[in-house]
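Turn these sequences into a full structure, and let the hints steer you where they fit.
Numbering (full-length UniProt numbering), first residue to last: 1 to 333.
Among the hints, erroneous ones may be present.
[What the hints assert, rightly or not] Straight-line alpha carbon distances no greater than 25 Å define the calculated DSS-like cross-link-like pairs of lysine-lysine that follow: (1) Lys30 with Lys169; (2) Lys212 with Lys197; (3) Lys30 with Lys212; (4) Lys195 with Lys169.
[Unchecked claim] With beta-carbon atoms standing in for the labels, derived distance ranges: (5) Thr168 with Arg218: 41 to 51 Å; (6) Asp29 with Val142: 30 to 40 Å; (7) Ala19 with Leu75: 20 to 30 Å; (8) Leu152 with Ser45: 20 to 30 Å; (9) Ile266 with Gly18: 51 to 61 Å; (10) Arg218 with Leu75: 53 to 63 Å; (11) Ser45 with Ile266: 49 to 59 Å; (12) Leu75 with Arg153: 30 to 40 Å.
In short, the hints are calculated from the structure, not lab data. Please read these numbers as outputs of a predicted model, since none were measured by experiment. Every residue, glycine too, gets a C-beta built ideally from N, C-alpha and C.
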Amino acid sequence: VFCALLYGAGMPILYFFGAGYCAASYWIDKWSLLRHHREPRSYDSVTIQQAMRLLPFAVLAHTFVAMFIFGNQDLLPSGWGPFLGLGESLLGMPVRRYDDVTEDFRNAGSDQREALWPEYVRARSLDSMRAACCVLCLIFLVLAVYAIIHILRALFRPCFAQADRAATKATEGLLALLGATFESKNETLTVAEAKEKAQQATGRRATVFSYKITDNPRYQACCAAFQFDANVHEPRSDSPARNGKRRVTSLSHRTDEALVDVEDTILRRLESLVRPVQRLRDRLIRRGSCDSTASKMSDATLASEDARRPPLGTLLDAEVALDVGEGPGPAPP
1 VFCALLYGAG MPILYFFGAG YCAASYWIDK WSLLRHHREP RSYDSVTIQQ AMRLLPFAVL
61 AHTFVAMFIF GNQDLLPSGW GPFLGLGESL LGMPVRRYDD VTEDFRNAGS DQREALWPEY
121 VRARSLDSMR AACCVLCLIF LVLAVYAIIH ILRALFRPCF AQADRAATKA TEGLLALLGA
181 TFESKNETLT VAEAKEKAQQ ATGRRATVFS YKITDNPRYQ ACCAAFQFDA NVHEPRSDSP
241 ARNGKRRVTS LSHRTDEALV DVEDTILRRL ESLVRPVQRL RDRLIRRGSC DSTASKMSDA
301 TLASEDARRP PLGTLLDAEV ALDVGEGPGP APP
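Right, dumping it as structure tokens:
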């Protein structure tokens, strides 16, 4: 911004770059402060005050550069202005000498220009008294006087104490005549009084004084959803509503009821999906029990048939007796 203000007279496009920088810096700082910064910035209003103290010097430098550019006769040719006599006295460069120096410098070579350079700078500075620079010259003189007084006050502060008190009284008297008032710097307010004053200034009772999402009434429904418990349909014990830090509105209650309805719908849907699986499992269990009972019954039948059969040795003895002719043996059971 300082460079744009300094060289803007010669390159007006710098004003657009400076304005774009200010807008981009404002929105970037705002976005980063609200989205990413967990703590406030490490600087305070002192930084802004120091920048404001530098602005008059930047305006003074801007005026000087503008006078130098507007006084260039190749760019903006113009006649002499009303401050020509003052310029001749301050620079020690009469108009006749000015004409000779500029003509000699224009026709001289590089070596001769080095020797004529100091005289040419004085002659070139006299161009600031042209008619195209008369308003800038007046502004420059006022700012130069202000800068000199400001520097002297900083260097010789004790010497200017009496003058400061007199200037303060004169300023207070002028403000009293104009009816202008300023808040006292010694005014102290409590937190509650400051909040009440801010609410009266904005005309809104729901002014938020914190970056905490739980303190913003616009996000109470979202906070209630975060604190929702499916088993207990009340805020948790550690919730801000239970501790008295915030009050859950009817909108948050409606959000809780909506969440409960969604949960019931999901449970009913899961139950309808699980019920066919349970039926299939019961069928498999019953089929497995029938198969085990049938296998047990077949084993018992085979065992009883084996018990009714004669031993293998008895059958062999009967066959041998028939072959020998001893007659039939005992009938098999």
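Comparing the hints with the structure gives:
1. Lys30 with Lys169: violated, 40 Å
2. Lys212 with Lys197: holds, 21 Å
3. Lys30 with Lys212: Holds: Lys30 and Lys212 sit about 16 Å apart, inside 25 Å.
4. Lys195 with Lys169: violated, 34 Å
5. Thr168 with Arg218: 41 to 51 Å: holds, 47 Å
6. Asp29 with Val142: 30 to 40 Å: At 34 Å between Cβs, range holds.
7. Ala19 with Leu75: 20 to 30 Å: holds, 25 Å
8. Leu152 with Ser45: 20 to 30 Å: holds, 26 Å
9. Ile266 with Gly18: 51 to 61 Å: Cβ of Ile266 to Cβ of Gly18: about 58 Å, so the range 51 to 61 Å holds.
10. Arg218 with Leu75: 53 to 63 Å: holds, 57 Å
11. Ser45 with Ile266: 49 to 59 Å: Between Ser45 and Ile266, where Cβ atoms are some 54 Å apart, the hint holds.
12. Leu75 with Arg153: 30 to 40 Å: Once the Cβ atoms are compared, 38 Å apart, the range 30 to 40 Å for Arg153 and Leu75 holds.
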